[in-house]
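Each chain is listed here by its residues.
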Amino acid sequence: MRKRIIYWVVWIFVLTGLLLATALFSLYIGSVGMSLNKILRVILEGKGTLEYSILFDIRLPRIILGFAIGGSLSLIGVILQGMFRNPLVEPYTLGISGGAAIGVCLNIVFRLNRALGILSLPVCGFLGALCVVVLVYSLSVKKGVLKIQGLLLTGVMISFISSSLIMLIMAVSRTEDLHGIVFWIMGSLEEPNNALILISLCASIAGLILSYLFCIDLNALALGEEEAMHLGINVERSKRLLFIIASVLTGFSVSVAGIIGFVGLVVPHFVRVVVGRDHRILLVSSFLGGAAFLILCDTLARTIIAPVELPVGVITGLMGGSAFVYVLTRKQMLLKAK
Amino acid sequence: MKIGIIVFLFITHLLFAQEDVPQRIISLGPSITKALYLLGVQDKLIANTIYCIYPPEAKKKERVGTAQKLNLEKVYSLKPDLVLATSLVDQRSTEKLKNLGIRVVTFSTPRDFNDICKQFLELGRLVGKENEAKEIVERAENEAALIREKVKNLYKPKVLIQVGARPLVAATGNYFVNDYIEFAGGINIAKDAKESIYSRERVLKENPDVIIITTMGIAVGEERKIWQKYEILNAAKFNQIYIIDTDKITSPTPQSFVKTIEEFAHILHPEK
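Respectively, the protein sequence lines represent chains L and C.
The opening position of the first sequence corresponds to residue 218 in this note's numbering, with each subsequent residue numbered one higher.
The opening position of the second sequence corresponds to residue 57 in this note's numbering, with each subsequent residue numbered one higher.
Okay, derived cross-link-like pairs now, BS3-like style, lysine-lysine, Cα gap no bigger than 25 Å in a straight line:
#1 K255(L) to K135(C)
#2 K212(C) to K293(C)
#3 K135(C) to K264(L)
#4 K135(C) to K100(C)
#5 K154(C) to K100(C)
#6 K100(C) to K116(C)
#7 K154(C) to K264(L)
#8 K315(C) to K208(C)
#9 K100(C) to K174(C)
These are computed hints drawn from the structure, not numbers from a lab.
So here's chain L without its partners, still in its complex pose (with noise of 0.2 Å):
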């Protein structure tokens, strides 16, 4: 046990290490070439000049939010993973960013964040976000007990209807507003508004220290619902809970920075691989993992082929997808050796 926590601690550290690094690396690079001696020299005594600014202005609020979204990411990931005992799970499943991404389309279609001011998108994509929860929610639930396979199908149902939706919008929309919602659905962790980057962050942290609290109950939940209840989890509650936090941050997530797709999906896996599968450990890892790779992504999506941004979700995916799938043919092949 002592051995077991050693180890944990070490891991923490190395992640924690790990997201300094990329986010000093990240606060370093860019199309404004600067070096490392300079960047101190701005640092410390130069407030007020523009590499001051870009520094604390532009590439700082970027890395919150990548810390903040990341993070959220994959720590819904995990949830989710663990929750519905199985891998394939990720948090835009449910149909939650869906219903994000059509409060989003709406909000653009009606030129209500012309009206409102551009701090009316996220708002929207949040409404619809938690509209989809209530809906998802209400239809898996039978005479009090909420089914986790129901759920499940029910998301995915959803997440088709709302894509459809999404076409359908599209196909009728003004040319002008089909950039807004192609830009939207790419996702970007550029945000104008401080407060609502500091928000994310409160939430993030917010949604680490309460599905922390349930880190027994998905341990439990892991080897079965019966089973679980056996060791005395309240599972309904538990269950309940853990969907509401997971679909929640989810829902906050999407409609601050848009559709990130890989991050929720592969970052769990592989920190899996490195810590093990006590969700003790795995939240807390899972969420720095997360929040540096999707720092790591957007940096590189921002500086790759400068002063051209990339997407940063063909990044996540590009690097995501191929180190999985090497990591997983490499496993295989060790196996095989054995």
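Chain L is already provided as a structure; the job is to place chain C on it using the hints.
Chain C only, in chain L's frame:
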């Protein structure tokens, strides 16, 4: 003494007037870049997008992204005092620039020729070339009126301008491309369509005399062949299917607009 005061006022007036005119402009749209060159302020244009390829000199300017997504850091580091955006630019980026204290002016997609002229005048005012802009607009308006006069009493052919295939996208009435047809003496069959996605059946029913296909990322040759298969189409029967370069149609200035109308008039009324 009096003269001294007047001279002083005159000089300060000049100084302040100078200060008002932006000296470091970044353009985020091909049409804006074209217009700035037309107004003769290309020296003050410090950067544009990778889509700004007309006039060819514009390609040599610093690039800050595509016409839709820009590299904020790059824009900011160039210290512009005026950023001219189109409504295609991601709103979050322009908002962020405004928060950083940079003056951003956004031009929406023009709905007709009138809009194009209005925006051009506005642009002229912003960069301190109001008179030049007025002159160019007046000249364009006169030329446009002349062409309209010429084609007024001629037979009005029915026209379809196709700006996209799969799905078939037609230029509708609330898009400035509609004015090319009307000014050149034609009838836009898609004028009253609410959405820009159009169906082939409707095209067959309306039976246009002329079909103009723009090269907006479509396999144009193939698209022409598809239309030629429909023998009942007047455009196919009389071989009136044309392909036109997208750059000539989209991103217009008043000047290029008139040139394109002329070209259209030749297509629609070859006898004249």
